[in-house]
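A.B. asks: Listed here are the chains, written in short residue letters.
Protein chains: 2
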Amino acid sequence: MTLVPTLSTDLGLPVTGLGAGTPGRGRIVLVGAGPGARDLLTLRALRHLQEADVIFYDRLVEADVLDLARPGAERVFVGKHVGAHAWPQGQINAIIVAEARKGRRVVRLKSGDPGIFGRAGEELEVARAAGIPVELVPGITAASAAAAALGRSLTERGQSDTLVLTTGTGAADNPLPDCVRHAAPGTTIAFYMAVGQAPRITAGLLARGMPPGLEVQIAVEVEKSSQRLLRCPLGELATVLARNGVKGCALILATWPSQRPATTAGDTIDEERGSAPHLSQDPGQEGAMAQKVVA
Amino acid sequence: MTLVPTLSTDLGLPVTGLGAGTPGRGRIVLVGAGPGARDLLTLRALRHLQEADVIFYDRLVEADVLDLARPGAERVFVGKHVGAHAWPQGQINAIIVAEARKGRRVVRLKSGDPGIFGRAGEELEVARAAGIPVELVPGITAASAAAAALGRSLTERGQSDTLVLTTGTGAADNPLPDCVRHAAPGTTIAFYMAVGQAPRITAGLLARGMPPGLEVQIAVEVEKSSQRLLRCPLGELATVLARNGVKGCALILATWPSQRPATTAGDTIDEERGSAPHLSQDPGQEGAMAQKVVA
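Chains as they are written, first to last, in full-length UniProt numbering: chain Z, 1 to 295; chain A, 1 to 295.
It cannot be assumed that every hint is accurate.
[To be verified] On the chain A side, residues computed to face chain Z include the following (Cβ under 8 Å):
1) Gly-121
2) Val-137
3) Ala-147
Hints are computed from structural coordinates only; laboratory data are not their basis.
What you are looking at is a predicted structure, and each value in this text was computed from that prediction instead of being measured.
A virtual CB, placed ideally from N, CA and C, is assigned to each residue, including glycine.
For reference, chain Z alone in the conformation it holds in the complex (with noise of 0.2 Å):
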C-alpha cells in the first residue's frame, strides 16, 4: 500500500464547489503537472485539482493525473496529439477567462513548469487584462526529470556552473540556432522539444567547438511508462535520434566540463556511467552507444 494511491481513490476530501460556480469566487490557477507521472505533482498541485470547478489540461502523459482531481470536477482536453483535435492559443484563452467569469475555479494543468516553455505569459496577461485572480503553481521541468531519470546532476562544481534550458530554435535566417552561442566549457544545455533541430543544432555546437565526442543523453518521454534514456556522442545525436525512431516529446542534455580534459572525436565513451542502476547496454543496437533504459 502505498501513498498515491490512497489519495487517488479514498481520500474523501470535501467536494468544495459543485456545479456552476459562484460568481465572484472565480479564478484560474495555472498548475505545473511536472513531466507525467503522476507522484511528481506537487501537493499544491493536488490541492488545486481537488478544488477545480473545471480543468483544461495539455497533452498529460499519465491520463491517471486527472484520477487525482475533484470527481465532479468537469475535464476538457485542450492539448495537441498526434491526429488530436487541438485548441488554438486564443480559444484556451477565451474559455478560461469565460469560465472564470462565470465564478467558477478553473485549473489549466500544464505538463512540466507552467514558466518553463509552457506559454503562462499568455494565459497571465488575458486573465489580469480580464481583472480575474490569476496563480501559478510551479512544476518539476522536464530537465530536472530526465537528469533525475538518468541519475545525474545538472551542475557539478568546478566543472558546469551554469545550465542552459533552451529550445534550440532560432531565426529563420540564422544559419545557427540562437542557442549555440551558449555552449561552452562549464555548461549544460538542456534542449527542449528539439529533436527536429537536432542535426542543425548538432552542426552548430560543433561549429562552436564543442567536442565532437563529448556525451549526449537523451530521455525520450521521461516520467512516462514509454520513457527511455539513450546516450551517445555529439556527433552521432542525429543519427541514434534517426535509429531509434525518437521523435516529439524527448530532451537532450549535454554537459561540456570547465576542468577535466575535453574528450574528441573517436574517444571512447566513459563507460563508468553505464553501471547506474537506470542505463545498461541495449542489446539491440550491437555497436551503437546508445543505451536504453532496463523495462
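Keeping the supplied structure of chain Z fixed, place chain A upon it in accordance with the hints.
C.D. replies: Frame of chain Z, contents of chain A only:
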C-alpha cells in the same frame, strides 16, 4: 480542511522500516524538497519521506516539511544555518553510505532540485562507488518557484526563448563572472545564491550591453514565511539589495527581451506588472522602485 494537514497528522500509513534496517535492502534516495513550503513537495518525495529509516536534511525552510516523514524515522540536520552546526560534504558522503550499508533506507533531503546547484553529483558518486542503489527524486527549483511567486513566466515566445540558471560566480582572476557571456537579447537569467556577487554581476551585465533600466526581480526566501518580492532597474540592483537588507537566500531574475525595444537608463519601469496580485508598492520605500510582497 485541506489535504496537507491530513497528510501530516493522521494518514496512518504503514510503518515499514523500524529500527536498524534489514541487510541488503539499504539504499540512498536524494530527494528534492522544493523551495520551502511543504506543499511544493511532490507525492514521490512524500512517499520516500514516509519510507525512510533515516533522513539527512539540509536547511529546510519550513520546518514542518519534516513532519511529513514517518514518525519513527531518525532525522539528522546536516545543513548550514548561520551559527549552526554544519557538516562538511565528506562527512555527509561517509555517513549516508555507512547507514545504507546497515540496510537502512536513507533519504538525503535537499532544498530545491538536487540536480541544480545541489551537489548531488558527489553523493551519487560515493553511493555508486560503494555499490549502493541510489535514486534521485527531482524537486521544484528556486527559479520556477520565484517566477510563480512573481506571477511571471521564465520564457516568453519570441521574447525570451532561453533560460540560463547560474550562480554568478567565476574564476577569481576573471574580472567578470563567467555567466555574463550568457546575457543577450532573448534570454532570461536566473542567478542563484548571487546576492554577494551582485555588484560584480551588475557591472558585467552592463558591460555586456544590458540596459541599466531593464527590470530585475528578486525573490527573497521564496515560498518561506519570510518571502519578499522586489523589483528594480538593473542599474540599481546592488543598491536595492543593500537597502532592503537582502542576504543569502534570494534568487535574481533578469529578462532581456529580444523583440520589444530595450528600455534605457532613466526610463520608468512598466508599472503594469504592479497589478499582479502579489506585488504592490512598498510604502516603506518611497521613491524607490523596489516592491515587496503584500503580507
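A.B. asks: For every hint, state whether the structure bears it out.
C.D. replies: Evaluation of the provided hints:
Annotation: Gly-121 (chain A) was flagged as interfacial toward chain Z, and the flag holds, the nearest CB pair being 4 Å apart, inside 8 Å. With a cut of 8 Å, the hint placing Val-137 (chain A) at the interface with chain Z holds, because the nearest CB-to-CB distance is about 6 Å. A cut of 8 Å between beta carbons decides the hint on Ala-147 (chain A): the least distance to chain Z is about 4 Å, and the hint holds.
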